[in-house]
Amino acid sequence: MREPLLKRRIKFKEVATIGNWAKIPKPSSATGEDAGKSGSDLGINTKKLGSVDQTSSSRRKYDVFPEETLLLDWPKPITAGPGLQNLGNTCFLNSTLQCLTYTPPLALYLLSRSHSQKCKLRRQTTFCTFCELEKHVMRSLSGMRGKNTITPKSIVGRLKSIAKHFRVGRQEDAHEFLRYFIDSLQNSCLVGFEKLDHKQKETTVIHQVFGGYTQSRILCTVCKEPSCTIEPCLDISLEVKNCGSVEKALARFTKTESLTGDNKYRCSKCKTLVDATKQMTILEAPKILVLQLKRFEFGGFSMFGGGKISKMITFPEKLDIQPYMFKTKKKVLYELYGVLVHAGGSCNSGHYFSYVKAPNGVWYLKNDSEVRQVSVKQVLDQQAYILFYSAVQPVSI
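According to this note's numbering, the sequence shown is numbered sequentially starting from 919.
Just so you know, the hints here were simulated from the structure itself, not pulled from any lab data.
Each hint should be verified, as a subset may be incorrect.
To be verified - Pairs of lysine-lysine, DSS-like flavour, derived with a Cα cap of 30 Å:
{"#": "1", "residue 1": "1078", "residue 2": "1212"}
{"#": "2", "residue 1": "1038", "residue 2": "1113"}
{"#": "3", "residue 1": "1166", "residue 2": "1229"}
Build the full structure now, drawing on both the sequences and the hints.
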């Protein structure tokens, strides 16, 4: 006789996801009072960050940082933190730091102090970019919201450690600084993991947050044999000349081009030069999508100067990148949370400031020491230079 339904024993098992999207962090092995309190102002259980069940079959053995431990959304609505003091032409740095501070998965990881508790670089040297950013985010979001201004001198004073050609007191290109800063964060993550191959190095927390993959696909028109080159990317730079919107710039980025005439393709199967088509697409979408609009025509703040594309380029609050991905039929949605702006007529002058969406869902202007609430309309009316988007739950078409 079958046991009555209400008396049957129900077996529960641990899950790693809700549906196909929301991640449930694994319990941490972190100990100590600091690990559980550092992000308490945001309601973060930091013991859930930076660790994983080593027996989990879902984790690849070579992951430096397990993807499933990332927290993608702010757990508690709080207002924006303080502004940053300009220490002499440091607006490029201030505006970049503000956008990184309000990048949810990165900031929540930093607030857990998971990096500094096991940092190997700090034992070898006096400066670790990741540790300094961690302290900065802690001050901005946890302990100093009553302060009007933070002085980022610990990062400004080590500019040459981030990029040897940077000089304190000299205006630099914000996107160039962002790229070097992200690279420095990546290098901090890899200390102690020097023997990893390139694929393994793409599993750090930096790549788990910002990393995606693009694919360049060349198709021979004779034998129809495709040749694909896949590259990791931490941001995407978009040509905006003759483009009035981000969507059009992305369409241009993924437009199929013909390889004919003097530009024919040597097909490995046909063993000769042939006509072919070439297309760049996004193969794997990142959790945080960073788009640089290429407004400077001669490579940013170069010694040769150069002009600036100052026209208005519209960008949406919500962006679906499905049309620009390789064979993806579902919507891949992103929501805007950061806009970095350059004001000025040329690449060797001007001023940087940013707009960020705080954990309370409200937009704020971050202009060095100035912080004030603004409307979404004001944000979308800006001549953006760098856009920061965060992935949201995908919806099937």
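The hints, checked one at a time:
1. 1078 x 1212: holds (25 Å)
2. 1038 x 1113: Measuring from Cα to Cα gives roughly 15 Å; hence the hint holds.
3. 1166 x 1229: Given that 30 Å is the threshold and the Cα spacing comes to 14 Å, the pair holds.
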